[in-house]
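Start from the sequences and build out the full structure, keeping to the hints where you can.
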Amino acid sequence: MAYFLRKLAFFVLTLWAAVTLNFLIPRLQPGDPAEAILRRLGGDQGPSTVDPAQLEAIRTMLGISGENIVVQYGQYIASIFRGEFGVSYTYFPYSVTDVIGDAMLWTLVLVGVTTIFSFIVGTLLGTWAAYRRGTRVDGVLTLGSTFLGTLPYFWIALLLIYVFAFQLQWFPEGGGYSSTVPGLGGEFLVDAFQHAVLPAVSLLITGPIGWILAMRNNMVQSLGEDFSRLAVARGLSERRIAISYGARIAILPSVTGFALALGGLFGGTVLVEQVFNYPGLGRLLVEAVGNRDYPLLQALFLMTTTGILLANLLADVAYGILDPRVRREVSA
Amino acid sequence: MSRNSRRRAAGAVALAAATAIALAGCGGGADRGGGLTEEGFIQKLEYGGFGGGDNPQVNYNPFLVPTRLAAWEYLYEPLMETNDYTCEATPWLATDFSWNEDGTQLTYEMREGPTWTDGEALDGEDVKFTFELLRDNEALDVDGVWRYLDSVEAPDPGTVVFTFTGPGASAFTLVNNVRIVPEHIWKDVEDPVTFTNEEPVSSGPMTVKSFTPQALVIERNPDFWGAEDVKVQEIQFNKSDAGQVEQLKLSRGDYDANAMFVPNIEEVYVDKDPENNHYWFASGSPISLFMNLEQAPFDDVAFRKAIALGIDRERIVEEAQYGYVEPASQTGLVLPGMEEWLPEGLEGDASYIAYDADAAAEALDAAGYGTDGSGKRLDKTGQPMEFSFKVPGGYNDWIQAAQVMQDDFEALGITIDLQTPTPETVESDRSLGEYEMTFGVRGGTCNMFRNFQEPLASDQTAPTGEKAATNEIRWRDDRTDQLVEELRVAVGEEDQRAAVGELSQIMMDEVPYVPIWYGANWFQYSTKQATGWPNEDDPYAKYADSLLVLTHLQPTGSEG
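Chains as they are written, first to last, in my numbering: chain V, 173 to 504; chain B, 576 to 1135.
Keep in mind the hints are simulated off the structure, nothing from the lab.
A quick note: this is a predicted structure, and the numbers were derived from the prediction, not measured.
Each hint should be verified, as a subset may be incorrect.
[As the list claims (entries may be wrong)] Partial list, computed: chain B residues near chain V (C-beta under 7 Å):
| # | residue |
| --- | --- |
| 1 | Q632 |
| 2 | E713 |
| 3 | V768 |
| 4 | D816 |
| 5 | Q822 |
| 6 | L823 |
Built from N, CA and C at the ideal position, the CB exists for glycine as well.
Below, the structure is given as structure tokens:
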């Protein structure tokens, strides 16, 4: 029990620290949200001069408070407990909750599905490679993954866009959907599916690599442990040893990794959404950083950190239940 | 990659592709309308982005600068529409204007006939209401027009009278920039600062047809007072894709007009269809070398003049700017658009400082900055000259320009330590005066008062270490202040011209800062469907002057 309580206390403490850093870090950077917005607006037409009157008006508009930082911190903590994240500077006068709500579904569907799929496929392939370690299957999978892993993700993504969107024109170049109004109609779903294919394929090419290599290496290691040798000595079938002795132990670190990947879903989508112009949370994050959109940034970071910490907590708990050794080591 | 995994990957892609195609026929690709409507209007023009960020939300409130969608420019109209190239005002909702004797009152005559899209007439009362809306909601007055205004009256529906707190000529462009909104709708708006105006009642040449976060379509307003000049039925704005994808779309001919930076535009765009694809990068505000005038040797005019001679602007334009822009005139004015403002003696090439390394070196010698045995330039205390030059990190073209300048200074024996902190840091250091050399962008707008007041007036500066409002170089000069004040109170353009002329001369003689190159207004256009786009030969507007551009467009082949 002490193990679980300790994990819970750690969770609360890190969450508080994360929330506080989340508040402080953007404010300690130089730069002013109003100027950032004006700079972005001037972007298309070359650099423009910034008029102080304009800055003042935009500050007033966004309600950028001149309060001292302690008061701001108090307001911020209070608003978190009320579940209010304020009005986005980038999407003024829309609220942060509205904007995130719009973007979340896209990320959840695209990246959520591909992450789960990558994990399953990667783990299975890794298990297979370890089971057949030293054979051609193993060599092909290991070398193939290592090679694919060295290619930059955006390069693969751009290649896909160039070949399948520009040359063959099978799929749209980017975006989440075309001019049709979002809704649950069949036409929209087909359209959204078409837009999701290329980003999903790009994620599926690179996604399983980590899982393959991790699973294979962990499993090869656990197959070399004493308990596996004992199993061999007992004359158990090779397949049974691989599954019950090798894979069962080897999958534990991968489960933690998977929990973290799901928890960090929102933060880890920046690249794919940038390249494919996908209307999800990753792009929102980049935009919020560029515009010093504190309310939006904080809400996004809060989601990500809470997600990761929560996933960590759950993984710890699951670990404690699945592998009694962990519980004993810690409380001993 | 192994043969096996390659086959697997290819198989997965093909399967996914086949599924999508089976589901929806042919996906992707550009579906361009083209052609004319029955009335002979251009069916549809495709434009670039429409603002509102990566996940645009509906917002047609013309005063909410950070998030309004591009349609606002076509929905609401100003009293006078300014051509941002020549800075001339074209009659729009007002047909004429006049100043009183001492320049404190500006009277507009309203056009007869404009109506709102709900049928109500647009008159002087709407103008009065709009300006009072800005007065009562400071956040909406983004140009700060009420810094100058005292009152706005509409003695009759056809007349509007602006009374300024002093002579108002310097605020003329600000008044003209304000878009008029309907009183009968907006008077009931609870909080105009958070009003997103989702179903706009407007008066302009176009109305909103449809919106999704991927595309915004506006269509011709047949009841617009100048509808006979509008030959475009629909304009579709398309949310921009990531940089390289956007370039591919441009070169494929997806856009009738766009405003984006493209490296190597001749090859990427023009060569794809030389007959139809064109570009015009009109000059905008100059990017200038700022030197902190509170430090030696930058406080020495002889030093600054020598430096101005020693910068190879042509090479900067070629190597750092793809040759897209023009070297800047030392006057700070954007030429040739504003050449009418030049004083006598500075016409033609006279206000450009030509690169002359030898003359620069001689000038430095003569001013007492000699060289040591190894060719290093020494300051007046005998120390080798070495300056830091702060350029915003990530502004790659600026960094390249600074590298060219580093070479130029090296040739004069001066060492430049190029630093590239974040843009925010550079901005903050510039306003605090915590720099030796840096780039700055001031002036070059159609408001002559702002152009000179912001970079040069003493009341816009502060000592090093304190935040300067806009005079970041820390120029303090009584004669300049006097001329800026004359510009502020000038009655009519003649008086303004006199002050602008003298200020240009100060820029030439005293070199408070060194304009290097003109920032570009990116603009690509195709004449496949429409002609009449503004260009170098016919600079009736910049691309951003949407109302002027729209009313000049003609279906291709129609003008014969």
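| field | Interface hint status, L823 (chain B) versus chain V (Cβ within 7 Å) | value | At 6 Å from the nearest chain V Cβ, L823 (chain B) passes the 7 Å test, so the hint holds.
| request: Return the status of the interface hint for D816 (chain B): holds when the least beta-carbon distance to chain V is below 7 Å, violated otherwise. | output: 4 Å, holds
| Holds or violated: is there a CB of chain V closer than 7 Å to the CB of V768 (chain B)? | Because about 6 Å separates V768 (chain B) from the closest Cβ in chain V, which is inside the 7 Å limit, the hint holds.
| Minimum beta-carbon distance criterion (7 Å), Q632 (chain B) to chain V | 5 Å, holds
| field | Hint check, Q822 (chain B) versus chain V [nearest Cβ-Cβ separation less than 7 Å] | value | Violated. Min distance 11 Å.
| query | Holds or violated: is there a CB of chain V closer than 7 Å to the CB of E713 (chain B)? | reply | 5 Å, holds
Hint 5 from the earlier list is the only one contradicted by this structure; the remaining hints agree with it.
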